[in-house]
Amino acid sequence: MIYDVIIIGAGPAGVSASLYTKRGNLSTLIIYSDESSLEKAKKIENYYGFENGINGKDLYNVGIKQAKNIGVDTKKEEVLNVLVGNEGFRVITDKDEYNTKAVIFSTGNKKNKPNIKGIDKFEGRGISYCAICDGFFYKDKNVVVIGNGKYAISETNDLINIARHITILTNGKQAPEFRAENVDINTEEIEEINGEKKVEEIILKNHKKIETDGIFIAQGVAGSTEFAKKLGIITKQDKIVVNKKMETNVKGIYACGDCTGGLFQVSKAVYEGTIAGLQVINYIREKYTKGE
Amino acid sequence: MEILSLKGEEFEKEVLSQKGKVLVDFYADWCGPCRMMTPIIEEVAEELKDELKVFKVNVDNNQELAIKYDVMSIPTIILFENGEVRKTYIGVTDKNELINGIK
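Line by line, the protein sequences are chains D and B.
For reference, each letter of the first sequence is one residue, going 1 to 292 in the numbering used here.
For reference, each letter of the second sequence is one residue, going 1001 to 1103 in the numbering used here.
Because the hints were derived from the structure by calculation, they are not lab data.
Values in this document were obtained by computation on a predicted structure and should not be read as measured data.
Fair warning: there could be bad hints in the mix.
[What the hints assert, rightly or not] Each computed DSS-like pair below joins lysine-lysine, with the alpha-carbon atoms no more than 25 Å apart:
hint, chain 1, residue 1, chain 2, residue 2
1, D, K173, D, K40
2, D, K121, D, K245
3, B, K1068, D, K236
4, B, K1095, D, K251
5, D, K209, D, K139
6, B, K1068, B, K1021
7, B, K1021, D, K139
8, D, K245, B, K1021
9, D, K244, B, K1087
10, D, K141, B, K1068
11, D, K198, B, K1049
12, D, K139, B, K1095
13, B, K1087, D, K117
14, D, K22, D, K111
15, D, K230, B, K1021
16, D, K236, B, K1087
[Claimed, not checked] Stretch-level coverage of chain D by chain B, calculated; a stretch enters the list once three of its residues show a Cβ under 8 Å from a Cβ in chain B:
hint, stretch
17, 48-61
18, 226-232
Glycine included, each C-beta is placed from N, C-alpha and C at the ideal position.
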């Protein structure tokens, strides 16, 4: 089947969007995996309607229940990739693959970029956030993938038949269970990234060096920044750029909530989710039902 | 405005020997983000048609050019002026940012 809309992220923005799309008769799937910043908020006292405030985790869980109660499909899976498909988009998770006519990103304010000296300097000069986009430039070369989770493995798999050798560098985190002929795993912490015009080596905290032609950043769970790079969505300071209709520059892709920047407030996320939901209804009606 | 895709041997004449500004979009057919860049580049070419020439270079067919200009991620957009690199934009770039950077 093909969903009308897949919403990535189940915080206030994503759930609010789903309430409108589902009530607007669109088949709606929310995919969410890791924790929302809302869950970490002990008490929210500045959101309308809770006379004694509310615990962030409670609000988050109630939101997901509310979406389920009106018939929104939900999956607790990790999204590894979002690609342009023949019709609409393909969303690939750690468990399955889904097709959809529209996507709403409500992935929150995740910061996956590791804080490593040299990372900004070499962005686009050996540092990449998208194996499937930039792998081509590393044919028969040595590359490093920084990360240790499912997303890092997914990026490694996209490079395995292109690069000569891959080092998965966990930067002090636990080694993933993964074996392949041309892949090594190193759990040392990283000190800095060095090079003249482009990336040449990684210096580890134990003073050892890894010579490399390129570094793919795949730390933690992929967030809006990574998906934006894969799809060609314009970002500014790692936030998705949207217009007043919550549209990105890619037709059929919307974003709302913390991943668009601005105020990190529940009320702002709910507002943007509302707009995104309503706009997706218009988009689907105009694109798919006209002339039928 | 349709953008002409340059072959390696045309690059010297159309970009390096040109007086004034030339914008070059390094792309590949298999690159999803590059497709999102295409309409933006076309709009820039249309709006600034009196000020600069705009071309595309397919990195699949012109790897030596990609290597020469350190293109390691696509799309990469390079602004040349009098045959020399003046600015490089990596990744899909907003139209206004490009126009402001060119002017």
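Quick rundown of the hints versus the structure:
Pair hint K173 (chain D) plus K40 (chain D) holds up; C-alpha atoms about 22 Å apart against a cutoff of 25 Å. Distance hint between K121 (chain D) and K245 (chain D) is unfulfilled; the C-alpha atoms sit about 34 Å from each other, more than 25 Å. Restraint check: the Cα-Cα separation between K1068 (chain B) and K236 (chain D) comes to about 28 Å, which exceeds 25 Å; the hinted pair is violated. For a cut-off of 25 Å, the pair hint linking K1095 (chain B) to K251 (chain D) stands: about 16 Å separates their Cα positions.
Between K209 (chain D) and K139 (chain D) the alpha-carbon distance is near 22 Å, which keeps this suggested pair within the 25 Å criterion. This hinted pair checks out: K1068 (chain B) and K1021 (chain B) have alpha carbons roughly 19 Å apart, not beyond 25 Å. For a cut-off of 25 Å, the pair hint linking K1021 (chain B) to K139 (chain D) is broken: about 32 Å separates their Cα positions. With a CA separation close to 35 Å, the supplied pair K245 (chain D) and K1021 (chain B) exceeds the 25 Å bound.
Our distance criterion of 25 Å between C-alpha atoms is broken by K244 (chain D) and K1087 (chain B), whose separation comes to about 30 Å. With a C-alpha separation of about 17 Å, the suggested pairing of K141 (chain D) with K1068 (chain B) holds against the 25 Å cut-off. Between the alpha carbons of K198 (chain D) and K1049 (chain B) the distance comes to roughly 33 Å, so the proposed pair goes past 25 Å and is violated. Restraint check for K139 (chain D) and K1095 (chain B): not satisfied, since their Cα atoms lie roughly 31 Å apart, outside the 25 Å limit.
Restraint check: the Cα-Cα separation between K1087 (chain B) and K117 (chain D) comes to about 24 Å, which is no more than 25 Å; the hinted pair holds. Pair hint K22 (chain D) plus K111 (chain D) does not hold up; C-alpha atoms about 30 Å apart against a cutoff of 25 Å. Distance check on the hinted pair: K230 (chain D) and K1021 (chain B) sit about 30 Å apart at the alpha-carbon level, beyond 25 Å; violated. Between K236 (chain D) and K1087 (chain B) the CA atoms are separated by roughly 18 Å; this keeps the pair inside 25 Å, and the hint holds.
Only when three residues or more bring their CB closer than 8 Å to a CB of chain B does the claim for the stretch 48-61 of chain D stand; here the count is 0, and the claim is violated. With a cut-off of 8 Å between beta carbons, the stretch 226-232 of chain D has 4 residues touching chain B; three or more are needed, and the interface restraint holds.
Comparing the model with each numbered hint stated earlier shows that hints 2, 3, 7, 8, 9, 11, 12, 14, 15 and 17 do not hold.
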